[in-house]
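Student: So you can see what is in the structure, the chains are spelled out below.
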Amino acid sequence: MDLVLKPAHREFAEEVRAFTRANLSPATREKTFSGKHYGRDDHVVWQQALGKKGWLPYTWPKKYGGPGFDVTQRFLFENVLAEEGAPRIIPFGVKMVGPVIYTFGNDEQKERFLPGIRSSEVQWCQGYSEPGAGSDLANLRTRAIRDGGHYIVNGQKTWTSFAHWADWIFCLVRTSPDAKPQEGISFLLIDMKTPGITVRPIIMVDGAHHVNDVFFDNVKVPAANLIGKENEGWTCAKFLLANERLGIAEVPASKRGVRSLWQLNDDPSLKEKIADVDLQVQALEMSELRALSTMQLGGAPGPEASILKVRGSEIQQRIAELAMEAVGEYAAPYQPDMLFRDTNETPVGPDHAPPAAPRYFNMRKTTIYGGSTEIQKNIVSKAILGL
Amino acid sequence: MDLSLADEQKQLQDAAERFVRDKYAFENRRKIAATEKGFLPENWAQMAELGWLGMSFSEADGGYGGGAIETMIVMEQFGKGLVLEPFLPTVVLGGGMIAAAGSAAQKQALLAPMIEGKKQFAFAWLERQSRYNLADVSLKAEKSGSGYTLSGHKGVVYNAASADDIIVLARTAGGAREENGLTLFVVDGKAKGLTRRDYPTQDALRASELTFDKVSVGADTVLGSVDGAHPVVEDAVDRAIVALCAEATGCMDAINAATLEYIKTRKQFGVPIGKFQVLQHRMVDCFTNAQEARSMTLMATLKIDDKDAVVRRKAASGAKVQIGKSGKFCGQSAVQMHGGMGVTDELSVSHYFKRLTMIDLMFGNQQHHLTRYSNLAMAA
Amino acid sequence: MDLAFTPEELKFAEEVRAFVKANLPADVCDKVKNGKHLGRDDYMRWQQALGKKGWLVYTWPKKYGGPGFTPAERYIFENICAEEYAPGIIPFGTKMVGPVIYTFGSDEQKQKYLPAIRESTVWWCQGYSEPGSGSDLASLRTRAEKNGDHYIVNGSKTWNTMGHWADWIFCLVRTDPKAKSQEGISFLLIDMKTPGITVKPIIMMDGGHEVNEVFFDNVKVPVANLVGKENEGWTCAKFLLANERLGIAAVPQSKRGVEALKEIARAETDNGKPLIANQGFAEKIADLEIQVTALEFTELRVLSQMAHGGQPGPEVSGLKIRGSEIQQRITELTLEAVGEYSAPYLPGLLWQGTNEAPVGPDYAHLAAPRYFNTRKTTIYGGSNEIQKGIISKMVLGL
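Going down the list, the sequences are from chains E, R and W.
If you're matching positions, the first sequence starts at 1 in this note's numbering and goes up one per residue.
If you're matching positions, the second sequence starts at 1001 in this note's numbering and goes up one per residue.
If you're matching positions, the third sequence starts at 2001 in this note's numbering and goes up one per residue.
No lab work stands behind these hints: they were computed from the structure.
Because the structure is a prediction, the values reported are computed rather than measured.
Careful: at least some of the hints might be erroneous.
[Unchecked claim] Rough simulated footprint, nothing fancy, chain R against chain W, three-plus residues with beta-carbon under 8 Å: (1) 2133-2145; (2) 2216-2227; (3) 2263-2271; (4) 2298-2311.
The beta carbon of each residue, even a glycine, is placed where N, CA and C say it ideally should be.
So that you can see chain E by itself, here it is in the shape it has in the complex (with noise of 0.2 Å):
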């Protein structure tokens, strides 16, 4: 047992920093660092650029054209990435479905969507939630009827993140009305161009436009789009559930964001709740690492990766919050130019003030969506515990 790094590990984060220095942006980097939004080509830049050197899919497995990163490599990578300003990679097609189809697709599939993935040529959003499913996700009612050769999609997705960038979604449809509620749901790949769906805005507690409702009005979607089975969606959706559980704990971001903490600390009453979440992220890396050494002696992530979702997301809470307590009054001012566009306007107050409020208003989010904090512990409660 130990935490050293061996030396092929150290000079494989160094060459991570050095191409992280090279390959991303300096206004990506100080839109990170300054608590800006990105715009859709801060990401699709930086990840293409990510995708020609091969770490774009960076938890994926040799065989389908992953990197096969060992535990340590995957732990550095996301630790460096961090700390050098980039954004976070937008999980949807490389920890979503990328993975949903490597391990449900067929040939055909793999070899149509997956390059696009790697590369991020494509950029892919989710269609799970609906209006009447959030937590009770296995509650949705969106159609799909078989109809020939196509399935004919009705219904309405929504919390879609990033829908407004995307050129395809995944989406879970109930294809059989009368099974019980996991049983009729089907995993579809639809093409964003294909007429009959519409996108509309949701904007956020903060202002900003990250999520949309998208509509499907008699969508036709080839049947060679379904992964795996017909009614058996589900499976893929569970599978797809438990990996995003992992990285959402978010920690080599938090990381950074009690870094930051530290450099604003001027206030002598803040330092100790300063101390308090950093020791908090410490808590959750080390019990990352942790799940990490089990997997890597061939365990799965459990169920155990809903508590790192859900004290992942409660400190990311605490630190936009405690962001926001350091501003103090000159929070108030709502900035939205700070925020969301370039300008050369000096904030009102200091450099940190404009995103405090709207990031904390904003990260309330976290305990919500990938299941709530509520639902995460209904999950460890029944599959750990076994009450």
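Starting from the known structure of chain E, fit chains R and W onto it as the hints suggest.
Tutor: Same frame as chain E, now just chains R and W:
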């Protein structure tokens, strides 16, 4: 980077688990706590035989070349069984300070018999006013002839009644709370002028108040350098903190397991109370807290030998904050979910709760270590 | 709306303070001040003094021999008693069975039981919880079978506070085993000297003996001791539980507890300075004090509603929840203030009142036992989980 136990360490873990299972069934522990010494000499002898008393010392010092990981492994199991033998004061603190600062002669005279199970120690540092400041020491050691005369008071000295030697932190120079001017003395437990008031503690250990009335000791009883004890003590206490954290993770696993079992079997309103979501979520929070405690204990164990003193101190304080927080949460929640039974003396749950409570107060509580950590982090 | 007391109320406050100073035995006052455990006789001497003055049953209406205090007077009375270190009034007679008897009892029962409760010549205890029915009180199984003009009682009660000191016990017993759980229950008064009753101590985690199991083995109880109608005891139980939750917030005691905590924080040192000068610790005390103030004003609002003819509703559950959490927090911070000197366990000093000297200051050895013991406050009188269930159902309509 590797977080898995080596084969020998797994064997040690199995042996410690077996020891606790065989010797520390709850009713057995109650009997051991009620004996005169408050622990069983035969258990101590067995620990020596198993090599546990020497495992964390270097082979040059007569030990078996292990370290903090081995200490963590046994302390965790001791926590599960609420083991009463004085491993912490004797081996971790006493042995640790002798190994770190003792002369070759002292190691020969003290450490070797300790490893064989023939000597026990106590560490006397706390005074009425000290709280958690290791330098707030006023017991005086004055030069007299070739030796020293010790006068003053020490409080809550664990294992003093059974210790052959008491390691005393005394002031040889400097003013109140000055870090320079502190010296460690190895004082015979039966020295003339040393009187004890013995008592049990809340968590069924044994401790004493010690009064030193002109206790004469030779110059050869000085452990380490005169006036230079503070860094030795700070380091030893940080190691003891990490060991306590491991004990606490064992306590938390045990108290959570007992609570989980209880809410699965206790029925009210016609169903096991574990069917109520409010208790399910609280149980999940307990589970999460114990996981975090385990993670931070592991982190501190792996960092406590770091070359950088700031890294070591931050690691110890960081883990102690987590243990204070998680221990309180798991302890209070376990009592609450056990209902009336939780506040009685009858079930193990209250005994784990008491131990977790006292662990928080030992060598600095959550608040103290949060302050210490934040000062270290800001200075860095 | 006015926070200021009227001249009459101020005069009343002076009268209460003078009375307490003149009548509270000095040794009892001393024990309360130093957090020592009180004996039966300590409580009795003080309660009998209050009884003589007519103030023991200070929550009762005049009609039944109470002083008929207004809510303001009641507030003043409770606070001054606490400020002057009077022991808490044992609730089983005055706050629990007394109001049940004058509300649901017959004239004969009122005449027989109320005077001794008012004067504190009889010690009552409560027989509610059973080993299998704690939070789920209605599942109780102690049987009372009618046999001529007696009931024959068999079963056991637990968490019976101070039953080893009691002359009488009021019990919920099952008189109709076939009825739905809440419907076959009756409210029975039982003389503790009746043959067949055994009291077995339960030792608490701090080593103290305050609660018991009480066993009933063919205990013969006159039918005349039934309060209200047979099988309608649940009505009495609900009435009593609502009353219990009001007093259980213990605001005056918590105010006194915060003051005592500050005293300790002034006496303890931290790096050569009083602990109270430690900013982190001072903020914790401040936070606690604000919680107490919020609770006090919530209770005042409830009392004010009652003064205008309202009844305490399910929202008093909120008072119990916060009150009990605050009591725990006081002991938690006191333990933190005492630090490592709370480790010595001195049962002689704690329980037998021996003369051994404490280790460290007087208050030190009490800190941990109190912290441990006070864990009970979020469990008894309906656990906080149960209280939240009540609020969610009755107040929020969930």
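Student: All hints, please: hold or fail.
Tutor: Checked hints:
no. : hint      : verdict
1   : 2133-2145 : holds (count 5)
2   : 2216-2227 : violated (count 0)
3   : 2263-2271 : holds (count 4)
4   : 2298-2311 : violated (count 0)
Figure legend: structure checked against the earlier numbered hints; hints not met, in rising order: 2, 4.
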